[in-house]
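Enquirer: Put chains B and C on the given structure of chain A with help from the hints.
Spelled out, the chains give:
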Amino acid sequence: MSDLVGTARVRPTARTRRWAVGYLFVLPIALFFAVFVAFPFLRSFYLSLTEWSGFTSPRFIGLRNFQSLADDPVFWKALRTTIIYTAVTTILQTTLPMLLAVFINIGWRGGVVFRTLLFIPVIVSFVVTALLWQLIYDPNFGTLNQVLRAVGLDALAHPWLADPMTVVPAIMLVSLWQSLGFYMLIFLAGLQGIDPNLYEAARIDGAGARQEFLKITVPMLRTVTAVVVLLNLINGFNTFDVIYVMTGGGPNRASEVLGTYLYKLAFGTESGATPSFGYATAISMIVFALCVAAAVVQLRISRRARDVG
Amino acid sequence: MSAEAPSTTQQATVPGRAEGIATRPSRHRVPAGRRRRRAARRSAGYVFLVALSGATVFPFVWMLLTSVRHRDTVFGGSLVPDELTFGAYGRAWSQLDYLSHFLTSVVVTTLTVLGVLALASLAGYSFAKLDFPGKQVIYVTLLTTLMMPLTALILPLFLQMKTLSLLNTRQGLILVYIGLSLPFAMFLMRAFFETLPDELIDAARVDGAGEFRIFWRVMLPLAAPGVATVVVFQFLTTWNEFLFAQTFLQDPEILPLQPHLFGVVRGQHVTDWPLLTAALTMSVLPMVLVYMRMQRRFVAGLTLGAVKS
Amino acid sequence: MVTPAADNPGTPTGRPRSGVTRRDVLRGGVLGAAALAMPSLLGACDSGDSGGSGGSSGGKAKVRLWTWYTEQEKQWPMLAQEFQASHPNIVIENRVIDYDAYLPALQAAVSGGDPPEIFAPHVLAIEYGKAGIAADLKAELGADFLSDFFTSTNDEFSDGGKQYALGWMAQTFGVFYDPAIFARAKVDVPETWDDLIEVSNTIKSSTGLMPCVLSNNPGSNGPDFVLPLITQTANDPHLVLDLDYGRNGARWDQPKVIEALTKVDQLIKGGAFAPNPNGIPDEQAQRLLYTGKAAMFYSGSWVPQGFAGSAPKPFLQRYKVMQTPAWTAGGRHWCANQAGAGLSVSAKSKNKAAALEFIKFMYEPARYAKVMNDSNSMPSTNAAGAQVTDPVVKLMTSWLLNGDGAPHILFGKGSAGAATNALAALIGGKSTPEKTAAAIQAEVEKARTR
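Those sequence lines, one after another, are chains A, B and C.
Numbered by the numbering used here, the letters in the first sequence go through residues 1 to 309 in order.
Numbered by the numbering used here, the letters in the second sequence go through residues 1 to 309 in order.
Numbered by the numbering used here, the letters in the third sequence go through residues 1 to 450 in order.
If we strip away everything but chain A, and leave its shape as in the complex, we get (with noise of 0.2 Å):
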């Protein structure tokens, strides 16, 4: 009877049923996203249309804080900076990191430990690695410049950090040195994914090894691309935290980069006693505006290539 008096509604037919799943599954994190990240954010959007010193209250001044920025030169130098380093590093550490992790994967006695080795720079915290690398570079104690000058290469010897020309190289090298067992342990948990079969069927065709990575290592990796690709561009785009302990955006601007700028501008000495919030939190609206146009063009790419292979 009960049965009955079911057929009287609509029935909800197995696609909607499964519609109400994929709702139910994305709940939890969509309510965190929405206390977490979405509410702040709407603040972080309002106090960059205002002047804010962070004690007193917020003077709405609409686009004047981007005006500001469109006559700051050091906005300007901090915005190329940030994206020369973004676009190198993004570039460096995808490539190498997979390659690294296509070489190790072909299986060596003592993998783990090497995997372990080659992760430690991630473990290490960024403190403890600016201050290191600082060191590294210090031009009269750094072991680079002692290593140089123990080969004979005396002439290489530089301080690294103090010459414009080579302060961003350098700190790229640091974050390349970082990052490369992380990007490394996602590709291969990518290669776990790729079917052997497809290999001995290139073999038995005849395929060589160069051909069996670009043919098919490559394509099969192409989702995980994507996501070092994305995660790459972002971390360089909001990138701060070992620029500012290793040379706080020094000499004379040479590494500043946005997120130096804008963390000087709220909690450090760019304005002196009264911090600039608003102006701090307008150039993270730039950030942020970087970020997602870098999506929606790796979402424009891999989507092309996806249609097309």
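The hints are simulated quantities; they were obtained by calculation from the structure and are not laboratory data.
Possibly wrong hints are sitting among the right ones.
Unchecked claim - Result set (EDC-like, lysine to aspartate or glutamate): computed pairs, CA atoms no more than 16 Å apart in a straight line: (1) C:LYS186 <-> C:GLU198; (2) C:LYS130 <-> C:GLU93; (3) C:LYS60 <-> C:GLU73; (4) C:LYS446 <-> A:ASP163; (5) C:LYS74 <-> C:GLU93; (6) C:LYS313 <-> B:ASP72; (7) C:LYS360 <-> C:ASP148; (8) C:LYS74 <-> B:ASP72; (9) A:LYS215 <-> A:ASP205; (10) C:LYS430 <-> A:ASP195; (11) C:LYS446 <-> A:ASP71; (12) C:LYS435 <-> C:ASP253; (13) C:LYS370 <-> C:GLU82.
As the list claims (entries may be wrong) - Sample of chain A residues at the chain C side, in silico, Cβ under 8 Å: (14) PRO139; (15) PRO196; (16) GLU200; (17) ASN252; (18) PHE267.
For every residue, glycine included, the Cβ atom is placed at its ideal position computed from N, Cα and C.
Expert: Showing chains B and C alone in chain A's frame:
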């Protein structure tokens, strides 16, 4: 046979990539010359790995060496300390109230990891394998979390936490960690789920399994590398985090280990390096343990090959 | 006829069902709820937050003390214990925060309306005072209490007749040197900057060692070095203060400033300094001195404590400090001196009275002197200054007592950022004095319009 020749000559530029993915060819007679070349490449490969691992592990070695020195030989002394002293470890343990902060870190990190894992795999699966209207939009919106500079969010988040009465509580900190970390974990899990074949799901549905059971029993076990990756990364990120912990937690007793360490030991001008490195070395151990435990999942051996097409 | 009631897979009808089952929902719900509820389990273990401004624990007034002063890391707990013993209804909660993470924590607390009772104000003392966040200590503690502090310390934190912070650890800058190297090179302590160039070149040619080290990574020492020079050219510490706040029409691109910058340029080009100041962090600079690679090091009074921890004993026993060189022979040795480390009191806290009690307790001359001596730090009061035991710190403190102090910290909007960066360019040999001055002025003007 002749197909082998081009592949071997292509190896000259890339050290050690002998046969691509490791499946040993079952040939009985390999010419001696080729065997020697392969062995040489293998050795070169090991040398490369050892060198690279050395480069990545040296900060940890430096930390270990520094933690057993006397303070006045940290910079002046030789590379390997003449005199070993474990006093720093003793001081780190007793002076810094190590155990209680360590336990706080363990609890906070574990709960964060579990929370992130549960919710991110649910959502990641949903985005990868289930269909519902607005899926792309929701996914991309959630992803924007990754793109926001945390520096700008910190103050709005603080005010948000205050409104929710979550300030100065460990559960509040955990909730913030979960909220901010979910998108990245979800991103990873979705990527891993996408590499799994749909046929399994269809088969399970035909067998009459409910959606959650499909997720829990069928797909999640197959995504073990993804799970392991998320666990490792989330553990690391949370264990090492200290800016948010410093800002949202005010009572010094409930601080996790990292913020406590850096606050107490690292001065504005002067640092007690042996003490800091001893404390940090001890704090690195759980991360190494988690990593070594999880990374077994990365080694191939899952039943991907068993998928019936 | 399909019945919707067959929720369980594998019912007797054998009909397959896909979609959400009750069990699914339950499982999902439990999993989700568990994930969310687990953190709350910790709630039982937490003391919860101290709502409102100023909390209490167990009926006692709680005074929170936030600083980054690891120098007194051992002394804070002892001070707290001693105070609590004699004031049983007050609890002191001391928190030392990592220097780089200090401001977010403080500013967040302030923006939330609940700053700690006593806190290190960083550069924000006057602004916090004007906004009513930091208490006017002249009114709270009385002018008598403040009279024993060094004048420059009081001035730094004062505005409009009110004072918003007290100096805790003062700083002066001088040139630390190794007398052994001086003896080897047969040179005397330089009196003027030109003497310094001469001495440096002699040291270099006769011993091959580095002369004077300037440590400008990450760049905050640039202003520490150059700003007193500006005072020297003007023979008046108020010029820097005017430049900082843009008062009295003072501009950075004026002749006096350019004069000072030219001297810096001469020093660098004249070889007075070790190469690459922009690449040398403070700790490595200290190391250059105590490992015998350099003869001199221009830095601040925190260095003795650094040496005490890291330098070999023979060095500790022989190193000395000399005054900042003067502009001319017989001229005044203006040296940088302000208290970078101060203490403010929250104006609106419920426990302000308790906080002030603790302040008075900490600054009692005998106690304050002991704390400063034990931590090898320079005090900010005359009384404690007279009791400094470490000879180097004692000498440096005496310069303050003589009134030779000149400002070296910039508080004005945009000043510090502008000065640090332009000076780094000059010190790195990449700019000229005129361009540097103009650059500072331009950037400061821009910042003030923000």
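Enquirer: Run every hint past the structure and note whether it holds.
Expert: Status of each hint after checking the structure:
A distance of roughly 12 Å separates the Cα atoms of LYS186 of chain C and GLU198 of chain C; the hinted pair therefore holds under the 16 Å criterion. Distance check on the hinted pair: LYS130 of chain C and GLU93 of chain C sit about 26 Å apart at the alpha-carbon level, beyond 16 Å; violated. Of the supplied pair hints, the one linking LYS60 of chain C and GLU73 of chain C is violated, its CA atoms being roughly 24 Å apart against a limit of 16 Å. For the hint linking LYS446 of chain C to ASP163 of chain A, the alpha-carbon distance of about 27 Å lies beyond 16 Å, and the restraint is violated.
Proximity of LYS74 of chain C to GLU93 of chain C is assessed by CA-CA distance (about 14 Å); at most 16 Å being required, the pair is judged to hold. Annotation: proposed proximity of LYS313 of chain C to ASP72 of chain B holds, straight-line Cα distance about 9 Å (limit 16 Å). Taking the CA atoms of LYS360 of chain C and ASP148 of chain C, the gap is about 13 Å. The hint holds against a cut of 16 Å. Pair hint LYS74 of chain C plus ASP72 of chain B does not hold up; C-alpha atoms about 19 Å apart against a cutoff of 16 Å.
Note on LYS215 of chain A and ASP205 of chain A: the hinted pairing holds, with a Cα-Cα distance of about 13 Å set against a maximum of 16 Å. A distance of roughly 58 Å separates the Cα atoms of LYS430 of chain C and ASP195 of chain A; the hinted pair therefore is violated under the 16 Å criterion. A hinted pair counts as satisfied when its Cα atoms are at most 16 Å apart, and LYS446 of chain C with ASP71 of chain A qualifies at roughly 9 Å. As the CA atoms of LYS435 of chain C and ASP253 of chain C are separated by approximately 9 Å, the hinted pair is consistent with the 16 Å bound.
Restraint check: the Cα-Cα separation between LYS370 of chain C and GLU82 of chain C comes to about 14 Å, which is no more than 16 Å; the hinted pair holds. For PRO139 of chain A, the shortest C-beta to C-beta distance to chain C is roughly 4 Å, which falls under 8 Å, so the interface hint holds. With 8 Å as the threshold, the beta carbon of PRO196 of chain A stays out of range of chain C, its nearest partner Cβ sitting at about 32 Å, so the hint is violated. Hint on GLU200 of chain A is violated. Least Cβ distance to chain C is approximately 36 Å, over the 8 Å limit.
Interface restraint check: ASN252 of chain A against chain C, minimum CB-CB distance 4 Å, threshold 8 Å, status holds. With a cut of 8 Å, the hint placing PHE267 of chain A at the interface with chain C holds, because the nearest CB-to-CB distance is about 4 Å.
In this structure, the earlier hints numbered 2, 3, 4, 8, 10, 15, 16 are contradicted, and the remaining ones agree with it.
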